[in-house]
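Chemist: Each chain is listed here by its residues.
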Amino acid sequence: MNLAYYDIRHNMGRFLLTCLGLGLLLGVVLSMIGIYRGLVADALTLSRAPVADIWVVESGSRGPFAESSRIPGDTREAIARLHGIKETGAVTYQSLEANYKSKKLRLYVVGYEPGRLGGPDKIVKGRSIGRSHYEMVADRRTQLSIGERIKLGRNNFTVVGLTNGQVSSGGDPVIYITLLDSQELQFELAPAAARREIARGNAQQGVDLDTVNAIVARLMPQANPKTAVKAIYRWKHLSAMTQLDQENILLRSVVDRARKQIGLFTVLLLIVSTVIIALIIYTMTMDKIREIATLKLIGAPDRTIIGLIIQQALAMGMIGFGFGALLIINIKDIFPRRVVLQPEDGLALAGVVMLVCVLASALGVRLALKVDPATALGG
Amino acid sequence: MSDSVQSEALVKLQNVSKHFGEGDARVDALREVSIEVYPGQVIGLLGPSGSGKSTLLNVIGCILEPSSGWVNLDGETVYDGHWLRSDLRKLRLEKIGFIFQSHNLIPFLDSTDNVAIVLNLAGFSTVEAKARAIELLEYLEVGQRKKAFPALLSGGEAQRVAIARALANRPRIILADEPTAALDSVRAGIVMDLLRKVAAEQQAAILAVTHDEKIYDRFDHIFYLRDGRLETENT
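Protein sequence lines, in the order shown, are assigned to chains A and B.
The working numbering numbers the first residue of the first sequence as 1 and each following residue consecutively.
The working numbering numbers the first residue of the second sequence as 1 and each following residue consecutively.
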C-alpha cells in the first residue's frame, strides 16, 4: 500500500497547488538556464553566420566584436591569395538606432559583399541582396516585412529578404546591407563635417571609405587554420584568429560578465528552491505528526514512514518540474531575448530537482523519525 | 469475570515501576505495579488524572520502557530490566491492537484501507488485506461505510473502524485509551459490548483506560491507579 499515493490522492487540490507554486519557481530556474544558453547562442550567432575558418582584423585588436578594428578594404584580395584560402569576404559591423513606426529600433548592421563570405547564412523568406545599393535583408525580430522601407543614415533601404534568429551579442536584431552602403553609413561624415574637412584640404570628405572591420576567410579542406593564421601575421598591420579563437573571445570577454551573472543567479535560485522544497516537505510532515505517530504505534517500520515522505517529495518535485517546464516552453518566445531550452539542460535540472527533493526531505524524515508513538495516545 | 481465567495470562506485569526525572524532579509514575490479564477478560483502568493510567498502557504497549520490573506479553517475556526485543514495533504489530480516544484513523485512507494497512504491514497482499478488512468492517456492522473517509464518519462509526483496525491482525492484547470518551451513552454501551464480544470470541485480553462511569458495568475487573500504585481491585 503506497501511503504517499493515497495521501496525494486525498489532498489532490492542495498538493497540485503546492506543485504549481513550486513549478513557477522551477520555471524561473529553467528560464534562467534558457536565458544563459540564449546569451551564449546570441553571442555566437553572428560570428558563426559567415561559416568562416579565419578572422582577419586590425593589428593588436581582438575585433571586430570585442574591440574596434579597421583595416583597408583591399586586404581581402591579399588574404584571398594566400595558400590554402578558399573564399574570403570583407565585413563591417555597427550598431545603430533607426526610426520605425514612430519608435526607435535598435539594429546591428552587417555590411558584406553579396556573393562573398559574410552575408546571411540562410534567408527564410524573400531573396538575398541583388542590387549594390539600398537593399537589405533583415531578421524577423526587427518586425520588418518584405517590401518595407526604412531610413538608415541618409538613405532609405528596402527589405528584400528575412532571416531568423540573427542577433548581436547584445540581442539586437541584425540587418544585412551591401558593404558599400555600410561603409557609407559607418564612415561617411555628415554634410557639415564633410564640408569642414574639404575646407581643411582633405579631399573626398577627409576619410577613406574603403575601410572594413574584418576579413573572413574559409579554408580549403586540407588547409591548417593555424598555418594560415601564422601566414597572416607576417603583415604587421594585421591580426588573425581562428573561428574557435573568435568564439572564445566572445564568450570570455564580450558576454563573460553577463554569463557569470546569470549563472550565479541560477545557482542562487536553485539554493532558494532547495530551501523552499525543504520547508514545504517539513510543513507537510508537521501536518502528519499524529498520523506518523499512529503508524509507528500500529507497527509501521521506519522505511514505510521515510517512503511516505520521500515519495511525496519526489512526486512534488517531478510534477512541479513538469509544470515549470510546460510553462517556460509555452512562454519562452515572449521573452525579449532568446531563451534556448536544451533537452540536456532540462534533464540535468530534473536530476538536480530530484536530488534536491531527496536532500530537502532529510529535515522532514528527521522530524518523522523523532515522533514518539505515544503522541498518538494522548487526547 | 470470564471463565477463561484459568488459562495463562496474556498480560503479566510484576513489580513494574516507572519514574521520570531524577532527584527533586523525580516523578514516580508507576510504583511496583503487578497485574495479570487473562484471555477473554475486559479490564478497566481507572484513576484521577496523573495517576499513571496512560503510563501503564504505554508500558504494556511497549511504547515506554519501564524503570524496573518484569513484563510478559502473550507468553513472551519482553522486559526484564531491559527490553528483550529490539523490534518493538514488530512486536506491537503482531501482539497488540490499539484503540484511541480520538480514533486516530489515517485521514487520507478510507475505512477499508485504514484497517487493511495493518495487514499490509504484517505482510498480507493488498487484495488479501482489503478482503479481510471488509470482512471485519462487516463483522463490526460498519461494512456499509467501507469506502468512507474518516472525516465523513460519525463518532460511533469511526470508533468501530478503529476497533476493526485494532483487531485486523488478530492480536491477543487490545489496549484502549478512553474508547468511549467521544461517544454518547448509547453508543458507548454498543462499543463496549462489541469489545466484550471480541474478547470472548477471539480470546483476547482487553485493557481500557476510562473515566466513563456509564460503562463501568461492562468490565470484568476494574483496577484503580492512585499515585502510580494499583490500590484496589473490584470485580
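It is worth saying that the hints were derived from the structure and are not from the lab.
There could be a bad hint or two in this list.
Derived, one-sided and incomplete: chain A residues facing chain B with beta-carbon distance under 7 Å [stated by the list, open to error]:
{"no.": "1", "residue": "Met1"}
{"no.": "2", "residue": "Tyr6"}
{"no.": "3", "residue": "His10"}
{"no.": "4", "residue": "Asp121"}
{"no.": "5", "residue": "Met286"}
{"no.": "6", "residue": "Asp287"}
{"no.": "7", "residue": "Thr294"}
{"no.": "8", "residue": "Ile298"}
{"no.": "9", "residue": "Pro343"}
{"no.": "10", "residue": "Gly346"}
{"no.": "11", "residue": "Ala350"}
{"no.": "12", "residue": "Val371"}
{"no.": "13", "residue": "Pro373"}
{"no.": "14", "residue": "Ala376"}
On a predicted model such as this, the values are computed, not experimentally measured, just so you know.
Ideal Cβ positions, reconstructed from N, Cα and C, are used throughout, including at glycine.
Chemist: Each hint needs a verdict: does it hold in this structure or not?
Modeler: Now the hints, each set against the structure:
1. Met1: holds (4 Å)
2. Tyr6: For Tyr6 of chain A, the interface hint holds, since the closest Cβ of chain B sits about 5 Å away, which is under 7 Å.
3. His10: Holds. Min distance 4 Å.
4. Asp121: Since the shortest Cβ distance to chain B is 58 Å, the answer is violated.
5. Met286: violated (15 Å)
6. Asp287: violated (10 Å)
7. Thr294: holds (4 Å)
8. Ile298: holds (6 Å)
9. Pro343: violated (36 Å)
10. Gly346: Cβ of Gly346 of chain A sits 32 Å from chain B, so the hint is violated.
11. Ala350: violated (27 Å)
12. Val371: Not OK, violated: Val371 of chain A not within 7 Å of chain B, min 12 Å.
13. Pro373: holds (5 Å)
14. Ala376: holds (5 Å)
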